[in-house]
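J.: In case you want the letters, here they are:
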Amino acid sequence: MEKSAVFNNSKLLPYALLAPQLIITFVFFYWPASQAVLQSFKREDAFGLVSEFVGLENYQALFAQPEYYKSMLTTLVFSTLVAALSLSIALLFATQADKNLKAAPVYKTFMIWPYAVAPAVAGVLWFFIFHPSLGTLARPLRGMGLDWNPLLNGNHAMTLVVMSAVWKQIAYNFLFFLAGLQSIPKSVIEAGAIDGAGPMRRFWTIIFPLLSPTTFFLLVVNIVYVFFDTFGIIDAVTGGGPAGATTTMVYKVYADGRLGGDLGGSAAQSVVLMVIVIALTAIQFKYVERKVQY
Amino acid sequence: MMLRHFGLATTLSATLALATPAYAATELQWWHAMTGANNDVVNKLAAEFNASQSDYKVTPSFKGGYPDTMNAGIAAFRAGNAPHIIQVFEVGTATMMSATGAIKPVYQLMKDAGEPFDPKAYLPTITGYYSTSKGDMLSFPFNSSSAVMWINKDELKKAGIAEIPKTWPEVFAAAKKLKAAGHDTCGFSNAWASWVHIEQFSAWHNVAIGTKANGLDGFDTELKFNSPLHVKHLQNLIDLQKDKTYDYAGRANAGEARFGSGECAIFLTSSGYYGTAKGTAKFDFTSAPMPYYPDATGAPQNSIIGGASLWVMGGKKPEEYKGVAKFFAFLSDTNRQARLHQESGYLPITKAAYEKTKADGFYEKNPILQTPLLELTNKEPTENSRGLRFGNMVQMRDVWAEEIEAALAGKKTAQEALDAAVSRGNAMLRTFEKTAK
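Line order of the protein sequences matches chains A and B. Here the first sequence stands for residues 1 to 294, where the numbers follow the numbering used here. Here the second sequence stands for residues 1 to 437, where the numbers follow the numbering used here.
No lab work stands behind these hints, which were simulated from the structure alone. Hints should not be assumed to be uniformly reliable.
DMTMM-like cross-link-like pairs, simulated, lysine to aspartate or glutamate; straight-line CA separation at most 20 Å [stated by the list, open to error]: (1) B:434 - A:147; (2) B:379 - B:320; (3) B:242 - A:147; (4) A:70 - B:433; (5) B:104 - B:320; (6) B:434 - A:235; (7) A:70 - B:320; (8) A:70 - B:416; (9) B:411 - A:147; (10) B:411 - A:67; (11) B:244 - A:147; (12) A:42 - B:433; (13) B:434 - A:44; (14) B:63 - A:67.
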């Protein structure tokens, strides 16, 4: 069926209707993004007193840094772990909450709470809970003979930031999965049950495919989350350490721009990051979306 | 950064701040980063100044931690509404002083306003940090501290250590004894890793952190702290980290709690930790000078300061600058300085205030507060111990700490880690040099 609207009376009306969305996109995306691109070709001091055009110098300096490639690798590990864990755990929780439980509303409310916690606060909480000598949970870990030390051990630090980031994101994913599950017609599942399909079989052949639009949406959102939104947690939990083991690309943008006052270099990094995320999202839409059943 | 927790818990009343009558006075904005007891000190000083005259009104506002306050000031300057006075931590000094036009140098301010101002009245180890190589004071020292070694006397006694260790080999030996006596997770430790093991360590041993008097004489400085002495020290720490005779406690000062809890009985951190130690430690403690290597010639030299100073922002009205100058003169008053030092644990900034506190016999009762002063004035400062001034220092400290962490985790040798810290730092200095002309 073809959908089309006809505006006979006014030529301006369609533009007026489009305007709010276009203005928002322009003000909150195109304008800052173009500023970042512009900034990445400049060298400027923190106060903005001296500013000169340096062409691609910021990019050259960036790609000459071994730390930058290391941060790319760190980002890959971090984003894969966070997206995979937060999606699968949230799906597990959502399927459990979707059952007819007495305490389901309470359970759901508790599940959603972590999303309301500010990243920095969440970071500080995790930092103290797992601080090697002060942490309430670090002591039992050490008691079990594990030499838990995120201050020096890069893998421990990575585990810690992944846990904090996953913990925060589960709530969001949970909410969407639950809504997705509730919109699956019960009759389809019951039909499967009558035909003798067990719960696992029903899940993988009926529920999971029908849930795929939600899963795909969450995959895109989660990738964007880990790429852009996690620096607050990393800053509070590890500060990118130890020895750069948790310095992801977005944390490096923050550290170089805000702590280092190198706005040009930081802008160049954010442009690279933007290109990567746009490419990733495009790939997802081109290849992963084919498997989605609407 | 060093003095986040400092000072005696002064029982000051904030009501003074509210008692200022409302008349048409010139308002002076003062942005600062002081929390807790320190915040009370700031408010009380402003209130006292406002009550002492009627032409000016100083309004303090808290802007978050040190980096936050500095960034807030920079952002406000870019937006054209900077405060009159902003508190900036010592590592931000190079960034601030290179911003000609954004700041008003204090010596200039005092001259223009015609306020009596004698740079020689201030303690040179403190003001040197904030002055040009010609001795012109650029910012006004506010809260200063130095690095000291905190000692849990009870635990040392239990471990059979009769005397407080003076040298690094003695500290290592004491830490081994402490470990044997039950401190199996921490013989000794420290906060502010880069500050203690690179910056203070270098000054205390009279070895260069960088050329050009550690950057004080020019931004074309190069880092030098991969010397054999530095490598030897880091190697010792690496060896001791393996069995936790030394145990790394993070880049900032969260690890200080390990001293207060009794876990680490020897702990190097800021002298500004005094207030927190007094409030939390349930044992007999004291502070001692930082240890040194006895085979290093000239050690111990003198330590350098940490803490923050007050910068005056540029582009304000002459009338407002007059008020700021009056406020600084007010802060420099001998009795006020002496009282501030004795109540809060801030180092005094004038010679007269130091002499007065000594003459009052204050240090006989409170030797802990004298330790940083003895360190700072131990010897006449050299090129290596006057202070340091590196661009991008806020982030560079993290870079240095990263390399120390890599070494302690066994991923790099001491030499490799320090070489990397130096070369990465140099790259940052060159970037900074290009923007700071």
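J.: None of the hints should be skipped; say for each whether it holds.
T.: Each hint tested on the structure:
no., hint, result
1, B:434 - A:147, "violated, 45 Å"
2, B:379 - B:320, "violated, 40 Å"
3, B:242 - A:147, "holds, 11 Å"
4, A:70 - B:433, "violated, 26 Å"
5, B:104 - B:320, "holds, 12 Å"
6, B:434 - A:235, "violated, 28 Å"
7, A:70 - B:320, "violated, 50 Å"
8, A:70 - B:416, "holds, 17 Å"
9, B:411 - A:147, "holds, 17 Å"
10, B:411 - A:67, "holds, 15 Å"
11, B:244 - A:147, "holds, 11 Å"
12, A:42 - B:433, "holds, 15 Å"
13, B:434 - A:44, "holds, 9 Å"
14, B:63 - A:67, "violated, 32 Å"
Checked against the numbered hints listed earlier, the structure breaks hints 1, 2, 4, 6, 7, 14; every other hint is satisfied.
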